[in-house]
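Produce the entire structure from the sequences given, and follow the hints as far as they go.
Residue 1 is where the sequence shown starts when you use our numbering, and the numbers rise one by one after that.
Please note that a few of the clues may not be correct.
[As the list claims (entries may be wrong)] Below 30 angstroms or equal to it, Euclidean Cα-Cα: the simulated DSSO-like pairs (lysine-lysine) are:
1) Lys611 <-> Lys131
2) Lys49 <-> Lys131
3) Lys463 <-> Lys611
[To be verified] Restraint ranges, calculated between C-beta atoms of paired labels, are given here:
4) Val311 <-> Phe566: 55 to 65 angstroms
5) Arg433 <-> His544: 31 to 41 angstroms
6) Val311 <-> Gln265: 21 to 31 angstroms
7) Glu428 <-> Phe567: 53 to 63 angstroms
8) Arg176 <-> Pro229: 36 to 46 angstroms
9) Arg176 <-> Ala236: 30 to 40 angstroms
To be clear, the hints were calculated from the coordinates, so they are not data collected in a lab. The C-beta atom is built at its ideal place from N, Cα and C for all residues, glycine as well.
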Amino acid sequence: MTRSADIKHRGSTRHWALGLILGGLAVLLATLVLLLPALERIYLGQLGKREASTLTLAVEGLTGSLRRFEALPGLIAERPDLARALRDPSDTALIDRVNDELHLTAEEVGLSDIFLIDPTGLTIAASNHWKELSFVGQNFAYRPYFTGALSGERGRFFALGTTSGERGYFFAEAVRDGSEIIGVLAVKFTVDAFEDAWRDGSNEIVVLDDAGVIFMASRPEWHFRSLGPLSPEARAAIEDTKKYPMDRLVPLQTEQEPFDDTFRQVTITNDTGPVERFIVQSQMIPEAGWEVSLLTPSEQAWTRAIGTAAVSALLLLLVGLIATVVIQRRIQMQERIAAALSMQEELEHRVTQRTAELEEANRLITQEVEERRAAETLLRQTQTELVQAGKLAALGQMAAALSHEFNQPLAAVKSFARNAGAYLDRGEPDKVRQNIGLIDDMVDRLAAISTHLRNFARRPGEKTEPVLLNRALDTALVIVEPKMRASGCRVRRDQIEGEIWVQGGQVRLQQVFVNLLSNAVDAMSDVPDPVVDLVLDRDGGHVHVRVRDRGTGMTDAEIAQLFDPFFTTKEPGKGMGLGLSISYNIVRDFGGTLEGRNHPEGGAVFSVTLKLAEAPSLAAAE
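What follows is the structure, encoded as structure tokens:
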């Protein structure tokens with residue numbers, strides 16, 4: 001074979017190999033395109049299973065709320081005032097009291113509305129009696145929850161309120177006088193909070209009633225729509241009970257097809273034009289007859305399928321290019337070997353050089369792996385040190401809080417013990433007994449302080465109850481009296497007429513006033529005639545206690561940091577800056593507020609606002 005013929009033969013062989021590789025790549029790419037629907041279906045199934053927990057959480061949340069409020073109408077209906085109001089609706093004082101009680105109960109348990117209906121369906125009392133759109137005077141005889149409860153069964157119904165315009169779920173129970181049913185007590189809770197939470201997710205959630213109407217949805221525009229046409233019977237039942245606005249009962253434009261035993265595919269054409277595809281799974285809430293559906297957008301699965309196909313195509317192209325390069329190198333190598341044996345030494349040299357480079361690269365990779373392992377070890381050690389430092393910081397704060405909180409009660413115990421000794425020497429046993437009783441109170445306070453100190457970081461577990469404000473103030477003044485006497489300070493306080501009961505805890509409330517009075521005395525260390533004003537006044541359902549000193553007042557920067565832990569304006573050694581912070585958290589636990597500001601006439605004034613409470617009955621006290 002001549003040299004020119006050999007060159008032509010090698011060129012044709014090269015072109016044939018390249019054509020074969022490119023042809024195979026084209027076939028593989030076409031196969032990937034055909035497999036896109038199958039890939040999408042696989043990813044749709046995975047997506048639905050992954051989001052199943054979201055549907056479970058939504059169903060459990062709705063079920064928990066239904067069960068929470070289901071028993072409330074029966075409990076409230078047992079109140080004697082309700083039966084008396086139904087027997088004598090002309091008693092305006094009784095109706096006013098029932099209105100107030102229903103309003104208070106609705107706020108306490110988190111209900112939207114509570115209302116009392118007579119046997120004709122007329123509402124005679126409601127928790128929203130003071131609103132412009134009150135239920136009082138409205139007739140709900142057409143509502144199924146009313147007719148069910150009036151027949152002795154538990155009424156339940158979901159609807160759009162004809163008076164309030166708010167969607168809600170209604171529970172109702174009969175109000176009985178002996179065995180006779182004389183009226184109905186109904187409660188309503190709204191569902192807006194559920195929908196607000198659903199909107200934060202990537203899925204859409206809808207709840208359908210037994211007629212197939214969407215009454216809850218993460219998209220407000222789907223309210224009162226349906227996934228298919230409603231039957232004439234369903235529309236007639238909705239119109240009879242005024243359940244939903246009839247003009248909004250328009251079906252969504254949907255196409256549905258089964259996916260597998262668990263999921264189905266739904267395509268929705270919105271009114272504004274865009275078409276959306278979803279993978280849908282549903283669960284029932286049997287006690288309410290609801291179907292909760294989770295709609296997961298299919299675009300995620302399609303995007304993953306496209307991505308998988310694209311990555312596969314790139315890998316195939318890369319393999320083809322590598323194969324092409326390998327074939328070209330091999331042909332070139334064969335040509336070089338056949339053309340000149342002298343190139344052998346040069347090729348061997350190149351191989352040796354490449355081997356050395358690979359060994360060097362391998363050495364660098366090994367070195368990098370070791371460096372990363374060392375960095376990971378150092379990171380774990382640093383994390384451990386940070387955790388330990390956090391523990392030590394928390395321990396230091398707790399030790400400082402304990403030291404501060406035990407100082408005042410111990411000082412009071414010491415003062416009362418000295419007073420008891422002095423009274424004992426004088427032969428005054430009644431005063432000795434009084435001081436011993438105060439010491440006993442301080443010991444109880446020391447025992448409770450360890451529990452109350454948790455308020456500095458979080459809400460405590462101790463519940464609040466009605467306590468006597470008079471006693472808390474008197475005890476606080478007795479505790480700080482030695483300190484006031486030593487500094488020549490006097491208290492100018494308002495006379496309290498009768499007992500004032502507030503919501504709180506006796507020991508912690510005393511602690512707040514001790515801190516405020518003690519701070520007021522410290523603020524007047526340089527005042528010739530120190531006076532502390534203790535002023536009380538009532539405002540509606542609250543009482544305000546103001547403690548004012550005659551000191552130099554505070555700067556704006558100090559006011560901004562008043563209640564920060566460990567912030568103090570006192571000299572070193574005279575305070576740790578915890579008293580106001582702890583007092584602020586205590587008052588907040590009671591549902592009140594603590595504020596500090598400068599008085600227009602000089603000095604600082606701290607105001608404690610507390611909720612008024614009813615005095616406990618004798619039976620409760622016992």
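Here is what the structure says about each hint:
Distance restraint check for Lys611 and Lys131: the Cα-Cα separation of roughly 24 angstroms lies within the 30 angstroms cut-off, and the hinted pair is therefore satisfied. Simply put, Lys49 and Lys131 have alpha-carbon atoms about 47 angstroms apart, too far for the 30 angstroms limit, and the pair is violated. Using a Cα cut-off of 30 angstroms, the hinted pair Lys463 and Lys611 holds, with the two alpha carbons roughly 15 angstroms apart. Checked against the hint of 55 to 65 angstroms, the C-beta distance between Val311 and Phe566 comes to roughly 56 angstroms, which is consistent with it.
For Arg433 and His544, the hinted distance range of 31 to 41 angstroms is satisfied, since their beta carbons lie about 35 angstroms from each other. Taking the beta carbon of each, Val311 and Gln265 are about 25 angstroms apart, inside 21 to 31 angstroms as hinted. Between Glu428 and Phe567 the CB atoms are about 44 angstroms apart, so this pair departs from the stated range of 53 to 63 angstroms. A beta carbon spacing of about 43 angstroms between Arg176 and Pro229 agrees with the range 36 to 46 angstroms that was offered as a hint.
A beta carbon spacing of about 33 angstroms between Arg176 and Ala236 agrees with the range 30 to 40 angstroms that was offered as a hint.
Consistency with the previously given hints fails for numbers 2, 7, ordered from lowest to highest.
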